[in-house]
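**Q** Could you put the whole structure together from the sequences, leaning on the hints where they help?
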Amino acid sequence: MRGSFWLALVLTAIGLYGGLVLAPMDYLQGETFRIIYIHVPAAVSSMSIFVFMAVQGAAALIWRIKICEIFVVCAAPIGAMFTAVTLVTGMLWGKPTWGTYWIWDARLTSELVLLFLYLGVIALYQSYSDLRAGARAASVLALIGVINVPIIHYSVHWWSTLHQGETITLTDSKMHASMLWPLLLMFVASKLYFLGSLLLRARVTLIKQESGKAWVRQALAIELPTAVIKPTPSSAIT
Amino acid sequence: MTHWQFVALSYALLVVLLVMDLLPPFLALKRHKRQLQARLVRERAQARKAKLDSESESEFENGASS
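Line by line, the protein sequences are chains A and B.
Mapped onto my numbering, the consecutive letters of the first sequence carry residue numbers 1 to 238.
Mapped onto my numbering, the consecutive letters of the second sequence carry residue numbers 1 to 66.
Simulated from the structure, these hints should not be mistaken for lab results.
Keep in mind that a hint or two might mislead.
[Unchecked claim] With a straight-line cut-off of 20 Å between C-alpha atoms, the simulated DMTMM-like cross-links for lysine to aspartate or glutamate are:
id: 1; chain 1: B; residue 1: 30; chain 2: A; residue 2: 210
id: 2; chain 1: A; residue 1: 208; chain 2: B; residue 2: 59
id: 3; chain 1: B; residue 1: 33; chain 2: A; residue 2: 210
id: 4; chain 1: B; residue 1: 49; chain 2: B; residue 2: 59
As the structure is a prediction and not an experimental result, all values here were calculated from the model.
**A** Rendered as structure tokens:
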């Protein structure tokens, strides 16, 4: 968990140095293109996290795997954060580039719907007093809501949108290498951040749910300071 | 606003959102661990005390019988 955070931090530092200092200015967008180093990885993460939630949700509903339920509910706030970052940075990029912060464009609107879906999953889970029933309900919503992900992805092809199409695909890139490598580092950093944050949240949820179980107490006993854990000799007490 | 100000605002908002995302679970983890460890220490102390009490009782009984 800590390793992924540190690695994400190092990669972010290198990626930001490359994106903000080393990469040349874009001849059309000027300096504002540098927002893409957070906007694009956040946008990709916002969609991939929802797909992750749907997969975990399916596993939780079919096989009743407890950890999958926990992953669904723990991934939702992180996905919501990435979606909020995508929307906010997109607006700040849109103003100098398009002349407006917001337009009811298919890509922007479907991304906003994704934020509402994330908030819906969180609210649904919170509304149940039985945590496992809440997690299963959230899994159902994640499975239904995942239909929005291909809509976001293909919206620029299906409709005439202000938002441009893909600059990078799995096989091709329209970006110059000097601008591309920091973006790729930021992609990896965002995934590592997600992993670290997910494990942190899952740990909190597990400790909360399973606090009475022997294995949690055993795990925490290992973490206790040695002075506390060491049995005191009876002669020393008497 | 200049282009750099838009960039700076974007990165500042990213930092705010990351802190908002990370801080609550981090603090919750610390709190839960502290609570559980305190309970564990308390239970151990009680168990040790109970053991000592039973030992001293048996010693007393042995002494009385001899």
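**Q** Next, verify each hint and record whether it holds.
**A** For each hint, the structure was consulted:
no.: 1; hint: 30/B with 210/A; verdict: holds (16 Å)
no.: 2; hint: 208/A with 59/B; verdict: violated (43 Å)
no.: 3; hint: 33/B with 210/A; verdict: holds (12 Å)
no.: 4; hint: 49/B with 59/B; verdict: holds (15 Å)
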